[in-house]
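Residues per chain, in single letters:
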Amino acid sequence: MSSYTRMGELEIEKHTQFIMSVEKKKDFDSMVMEHLRMSGAYWGLTTLDLMGKLDAVNREEVVSWVLQCQHDCGGFSGNVGHDPHILYTLSAIQILALLDKLDTIDADKISAYIVGLQQEDGSFAGDEWGEIDTRFSYCAVCCLSILHRLDKIDVGKAISYVASCKNFDGGFGCTPGGESHAGQIFCCVSAFAISGALTHVDRDLLGWWLCERQVKSGGLNGRPEKLADVCYSWWVLSSLTIIERVHWIDKEKLKTFILDCQDKEHGGISDRPDDAVDVFHTFFGIAGLSLLEYPGLKPIDPAYALPVHVVDRLFFGQPH
Amino acid sequence: MGEMAHGRQRDLNFRTSVRVWHFRRLILESLQSDLRDEMKFFELVANKGNHKNYQIWHHRRWVAEKLGTIAATSELQFTQEVLSLDAKNYHAWSHRQELSSHIIFMAQWALQALGGWENELEYCRELLEVDILNNSAWNQRYFVITKSPFLGGLPAMRDSEVSFCTNAIIENPDNESPWRFLRGLYKGDNEAFVNDPAISKVCICVLEKNKNCVFALSLLLDLLCYGFQPTPDLNRILSTWGFSGSESDQKYANLVCLILEKVDPMRARYWIWRRDSLPSHVC
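Note that the protein sequences, when read in sequence, are chains A and B. Just so you know, our numbering puts 5 at position 5 of the first sequence, and the rest follows in order with no gaps. Just so you know, our numbering puts 100 at position 100 of the second sequence, and the rest follows in order with no gaps.
There could be a bad hint or two in this list.
Reference excerpt, derived from the structure (chain B facing chain A, CB under 8 Å, subset only) [claimed, not checked]:
#1 H22
#2 S30
#3 S136
#4 R267
Partner residues aside, some chain A positions facing chain B, computed with beta carbon under 8 Å [to be verified]:
#5 C73
#6 D169
#7 Q214
Calculated directly from the structure, the hints in this document are not laboratory data. Note that the structure is a prediction, hence the values are computed from the model and not measured. Backbone N, C-alpha and C define an ideal beta-carbon position, used for all residues, glycine too.
Bound-form chain B, shown alone (with noise of 0.2 Å):
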């Protein structure tokens, strides 16, 4: 096994050959090798080039799940040290998401005794502080606090979430992920959407340092076209674009409409449609 396996690590050059990771695995197969070999394996060919390659992630994971649980903490802590590398590397976020779903599946208790759920939502907060534009931690965290057992499902998460989240757009409100991030957390209760304060509170803020940004104006449309009533901070704002207070309630939702057409230029058809299906009862 060691002769071949150093003859085919020369052949890695090729890095991308499928035939190579195919007739690994035959080998590995025949010889009823003990997998936690392979897996140091991976610590000599795990260079930087090597990790966008689909072809060492499958075979990684082919690995991982013939190992199943023992696999569980060096997987989960492989793929940490990848993403430490390239915090936006799409196979690792789904290898672990894999990896994830497999132990659930497999091995609840033992996942509990390893602290991996809760973990993982500790690891995306770690990693969206080094690198908050990070959208597959974002990503990452939705699936997390969805999927769990032990987090309770998003309604019980809502709250921590969207402290969370409008922490994150405060501090970089041109990042996009956590806007959208804070839409999904509504995904599918609009009335919660519209009477959280927190919503329009961060709109509101990030408004008031600068009135183009065009995530912010946006989530205000949509708070506005689901029935979100204008309060006096929302006034003041819109009347920095030049529009008087004594302007009906039921115009806001249009005027956000015309504002964006004219910040974001290149969406401007965008912004004419969402201005042509205002809901009646806003426009």
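Just chain A, same shape as in the assembly (with noise of 0.2 Å):
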């Protein structure tokens, strides 16, 4: 008998069940959540990869819907009919990189679309309303080095705006002066090491303030005084790794909360024990697990947010 089927158990068969029927929801949920559809399908995905179980989904069906919401702007929207955004442009690349579908579009053409929001000062806007944030900067670095066009933009600038985001915490915002935030870090930290200039970050004091997330229950919160939530397993674990002070944490006290975050009945994760599930947190559940090892997940890559066999794929497979 597996020394795992204790109480803690992963249920990976409950948790692809539950993924597969949130494709065929229609209810008011799934309604509300229509715009940001194909961050919602990378996440399924990805957590589908991890668990072994990409072969359920019909990859071809999932690829031309991918491609229908591409603009002619280069740029891709959440969903069917909706407006371009670099969160679902990179939500987009990083599926096709899942699939190995990369092939499919013209990486010219998006990387242009990526290179008209940057700023002058370096920053990124999301889409052509100018909301600045440091999770586009992270989008535009992200989905470009997947395209290999890394050097289609001002690297130089967005790495320094990204440090000017630094707080006296060693933490990062926003904007300039924004208070530091787990899944703000994640993204500035992660746009370091895509870029290689994780010499921006004070490494020692930045993992301290990460490793301070862990509260009790033995989850991790996002900043100072708040709860814990299962998906800051992810962002500020990634930050951690990345750093290379995920030692700093008890990894097995966060590995329990995460499993008893489960809805074992019904499948999913959800943000603290017996709330609602849904794809987000399970997806942030599942590849925290996978950064604590656990057993039968695949790994994934810290910065990228993809199985690291993908990651492998996009850099020493064939370039494109």
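Reassemble the complex: the two chains are provided individually, in unrelated frames, and hints are given to aid placement.
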């Protein structure tokens, strides 16, 4: 009998069923989330691959739908008939990379769209309406790197903008002076990692701030005095992994917390134990467990947020 | 404009729909609408549920930037109102900061006339009085004291801020934010950090009531690493841990690390690393 058949086992089959069922839902929640379906698809598909269940999906159907979401400007929208945005452009490229279908798109066109979003100060807007946020800097850098076209933007300026968002506590916010937040920290640290600019991070100071996110329950919060949430299992953990300080948290306690957030009957993972599940938290919980080297899960790259075998294929396989 | 706006308001059940806001901005621009009316529209939709919606904030920011300095007072006031509902509303803070930066660039005189920056510091103080655990307010306070052109910058503000901060610490020693804020006040100036008696005083004051306070022990460790010489008060505190006064000064930092490993086992490996990285003159 496996030593993992105790309360804390990861219910891979149930989570697979849950993700496949999300596709088919037509309730109010799904309708409200329609505009970000591209990100939802990326979360669901990547989770399936981490669990070794990607074969359950009809790849052709997925690729066909992704391509329908591309606009003339080169950007992708969150769903058919919606407007393009850098967030969904990244999700689309991540999906195509996952399915090994990057040959279906015009990489130069997509690069041009992203280049057009870079501002004078190096920052990136999310779309033509100009919201600026370091999340978008990460989207730009990650997406272009996957397309092997990082040199198309002014990388130096992009990085110095992200560096200008560093705070007194070693963390990073959405804009200069913005409060340090684990999600933004992930974006900034990953952007540095992908661009080879990790010297901008004070690893010891930030590492300490990040390991202080672990609370009594073993879960992680996103900033001081907030509640633990499974999604921070990804953002805090991946940041710690990139700066090589992940051993500063109690991994076993975090594992237990994530496993306690499962709905063991219907599948899926929620933000904290006994709450409603969703595909967002399911992805981040399982991605977090992958970083914690939970047995039976494929390893995930902390900066690209894609399975390691996909990243290897991108950078050590045939170039496009 | 009125008819279409009402129709779109119904659609705002789908609060997160980017398209709705995009369409609304197109209408506003093409009709060259008076954007002050748009500000009134926000009062209609600004119920509790909408405050965490990126799209609404982004739209409001778009309107405020178009209006320029006219929007200053009302915007700062609005974010105050929102924040009274949810003091940790992250989006309100970004908006507020961005607006402040925009104003300072565009019309410094208007800011002085409106008293924006001075009120900002006062507002942070009020917010912290209501909720001392508010990390956003502490972050905003740091932003204001470092960026405001009217306060003289960090060195000029340091003493008063140390006093404000240490009072907050003593009131609620388990609150993470003011401990970090205190360290932030001395960023890049270790000499001033070690030489300020207020720092060791607050550590000792807290440890006297709770010798297990991780934040106090951690700050003490930092002081020792930067060359702080243990005082009789500190000797007394450490003796309660069973270490005698005859231990040489150089071993204090080591002792504090061992204590921290014991009282904060979740981060044991961090404290072990601190012990392994102690500067040679303190271990």
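Consistency of the hints with the structure:
no.	hint	in the structure
1	H22	holds, 6 Å
2	S30	violated, 15 Å
3	S136	holds, 5 Å
4	R267	holds, 5 Å
5	C73	violated, 14 Å
6	D169	holds, 5 Å
7	Q214	holds, 6 Å
The structure fails to meet hints 2, 5 from the earlier list, while all remaining hints are met.
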